[in-house]
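K.L.:
Just need the whole structure built from these sequences, with the hints factored in.
Anchor point for the sequence shown: position 155 equals 183 in our numbering, and the numbering is continuous, going up by one each time.
Just so you know, the hints here were simulated from the structure itself, not pulled from any lab data.
It should be emphasised that the depicted structure is a prediction, and the values quoted were computed from it without experimental measurement.
Mixed in with the good hints there might be a few duds.
[Stated by the list, open to error] Distance condition first, Cα-Cα at most 20 Å in a straight line; then the derived SDA-like pairs of lysine to any residue:
(1) Lys-331 - Phe-132
(2) Lys-58 - Arg-461
(3) Lys-472 - Glu-54
(4) Lys-58 - Asp-233
(5) Lys-472 - Pro-102
(6) Lys-331 - Ile-410
(7) Lys-47 - Ile-406
(8) Lys-331 - Val-400
(9) Lys-331 - Gln-40
(10) Lys-331 - Gln-134
(11) Lys-244 - Leu-212
(12) Lys-324 - Gln-387
(13) Lys-318 - Glu-54
(14) Lys-392 - Leu-338
(15) Lys-47 - Thr-473
(16) Lys-318 - Lys-434
(17) Lys-324 - Ile-398
(18) Lys-331 - Ile-406
(19) Lys-472 - His-248
(20) Lys-434 - Pro-102
(21) Lys-58 - Ser-48
(22) Lys-472 - Arg-50
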Amino acid sequence: MPNAIKEALDIQPLVTGGKSVRDVTEDILKPVEAFPTSLWWKAFLLALTITVIDLGIIGYLVYEGLYILGINNPVGWGFFIVNFVFWIGIGHAGTLISAVLYLFRQEWRTGINRAAEAMTIFAVLTAASTLIIHIGRPWMGFWLFPYPNERGPLWVNFRSPLIWDTFAVSTYLSISLVFWYIGLIPDIAAVRDRATTPLRRKVYDILSFGWVGSNKAWSHLETVAMILAALSTPLVLSVHTIVSFDFAVSIVPGWHTTIFPPYFVAGAIFSGFAMVVTLMVIAREVFQLKDYITMKHLENMNKVIMVTGLIVGLAYSTEFFMAWYSGNEYEGFTFVNRAFGPYGWAYFIMFSCNVFAPQVFWSKKLRNSIPVMFIVSIIVNIGMWFERFVIVMTLHADFLPSSWDKYIPTVYDFMMLLGTFGIFFTMFLLFCRLLPVIAIAEVKTVMPHKDGGHH
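P.N.:
Structure (structure tokens):
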């Protein structure tokens, strides 16, 4: 195809640098086979230290009780539910990239889908940890699962959103985990075949289930991947919809609204793609993967962030309009209080970060600027955390003024928030060290031919 036509159609190669098939394997497996760099060790030890501190605080919380946190009578969840909804949202981009874009045959997903799927697993595990802790008695967490037991007719309350969360999150985690691992099998086999020590070869042989790469094996793999993608796609909509029911099925002003399900789903995709951009920008620099995580990948994700940011902004405006249009004095007060009350500063941060910041991506130059997209991706996730904070803080002023009370987080709240990032990045850094961060087999299918075309 002539260059002029390619430029007119904005067709960009998904693998740059004139790489051969062998180069793809060498480059992607280099971080797995080489000894960890000092930068990786510093990042890992920092994340691990934060995780250990967080585990210590959780232990102290179990020993002392929930009074050490800032939660009170009207705001009974505090940072726990904020962190839970935030991390579940982060995990949404992985399923969208791996499943939905797979079904629609979007080839640009190949450079980022592996890391996005891994991010989903780790984000959901992080969210699950806060879900278990916020029930107050985490050692009773197994009561959330409806299994035959010795308690006679005492079963879980299936009308409780907490039980819906348990079903949604466990289903989401199991499907995402299997889909992620199925795609890893051929690449794990590649690591096995290049192993230089018997122990390493044996470990990766077990992990690859004896993969031989035959035509029959590939056929079975692609069939299973298609089935799992079809199963995962409804989860993109259902999981955060169910999470939104934690709020929407209540009678609290500002929560009891039908806009929450689509609003939460759009926000989840918004924050998830922002986190993928953050991680991919770092990965392509640290592991020298710029030829596989190209500007085309990053630009497409920035477009998704811009569009979902517009949807989130529309949702914010719709909430205010409906509060006014309904004529409900409680609803009207709630939204005025959100914007101009004691937590108005948080609402301003939320609106600025989520609605205004992504609009810079209307400019192609800024969409393709690494510093700009990195800063915007971090700003977006700050804004999305504050969005969940603002929603939960609605509880501080409910129907009865006599029960109003401000939520003031303690140092333990902030340390446990920081601890969730420690848990997430500890798992992600281990993943980058032990497994290929890019899907080798899938990248090879989109490599350009010598004539400039694609497979």
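K.L.:
Compare the structure with each hint and give your call.
P.N.:
Going through the hints against the structure:
About 17 Å separates the Cα atoms of Lys-331 and Phe-132, which keeps this hinted pair within 20 Å; it holds. A C-alpha spacing of about 10 Å is found between Lys-58 and Arg-461, which places the hinted pair at or below 20 Å, so the restraint holds. Taken as a hint, the Lys-472 and Glu-54 pair is honoured in the structure, with Cα atoms around 12 Å apart against an allowance of 20 Å. With a CA separation close to 19 Å, the supplied pair Lys-58 and Asp-233 stays within the 20 Å bound.
As the CA atoms of Lys-472 and Pro-102 are separated by approximately 55 Å, the hinted pair breaks the 20 Å bound. This hinted pair checks out: Lys-331 and Ile-410 have alpha carbons roughly 19 Å apart, not beyond 20 Å. Distance check on the hinted pair: Lys-47 and Ile-406 sit about 32 Å apart at the alpha-carbon level, beyond 20 Å; violated. Between the alpha carbons of Lys-331 and Val-400 the distance comes to roughly 14 Å, so the proposed pair stays at or under 20 Å and holds.
With a CA separation close to 16 Å, the supplied pair Lys-331 and Gln-40 stays within the 20 Å bound. With a CA separation close to 15 Å, the supplied pair Lys-331 and Gln-134 stays within the 20 Å bound. Between Lys-244 and Leu-212, the direct Cα distance comes to roughly 17 Å. Compliance with the 20 Å bound is thereby established for this hinted pair. Of the pairs offered as hints, the one joining Lys-324 and Gln-387 holds, with about 19 Å between alpha carbons and a cut-off of 20 Å not exceeded.
Distance restraint check for Lys-318 and Glu-54: the Cα-Cα separation of roughly 14 Å lies within the 20 Å cut-off, and the hinted pair is therefore satisfied. With a C-alpha separation of about 17 Å, the suggested pairing of Lys-392 with Leu-338 holds against the 20 Å cut-off. With a C-alpha separation of about 13 Å, the suggested pair Lys-47 and Thr-473 falls inside the 20 Å cut-off, and the hint holds. Pair hint Lys-318 plus Lys-434 does not hold up; C-alpha atoms about 48 Å apart against a cutoff of 20 Å.
A hinted pair counts as satisfied when its Cα atoms are at most 20 Å apart, and Lys-324 with Ile-398 qualifies at roughly 12 Å. Pair hint Lys-331 plus Ile-406 holds up; C-alpha atoms about 16 Å apart against a cutoff of 20 Å. Of the supplied pair hints, the one linking Lys-472 and His-248 holds, its CA atoms being roughly 19 Å apart against a limit of 20 Å. Between Lys-434 and Pro-102 the CA atoms are separated by roughly 9 Å; this keeps the pair inside 20 Å, and the hint holds.
The hinted pair formed by Lys-58 and Ser-48 meets the criterion: a straight-line CA distance of about 15 Å does not exceed 20 Å. For a cut-off of 20 Å, the pair hint linking Lys-472 to Arg-50 stands: about 10 Å separates their Cα positions.
Hints 5, 7 and 16, counting from the list given before, are not met by this structure.
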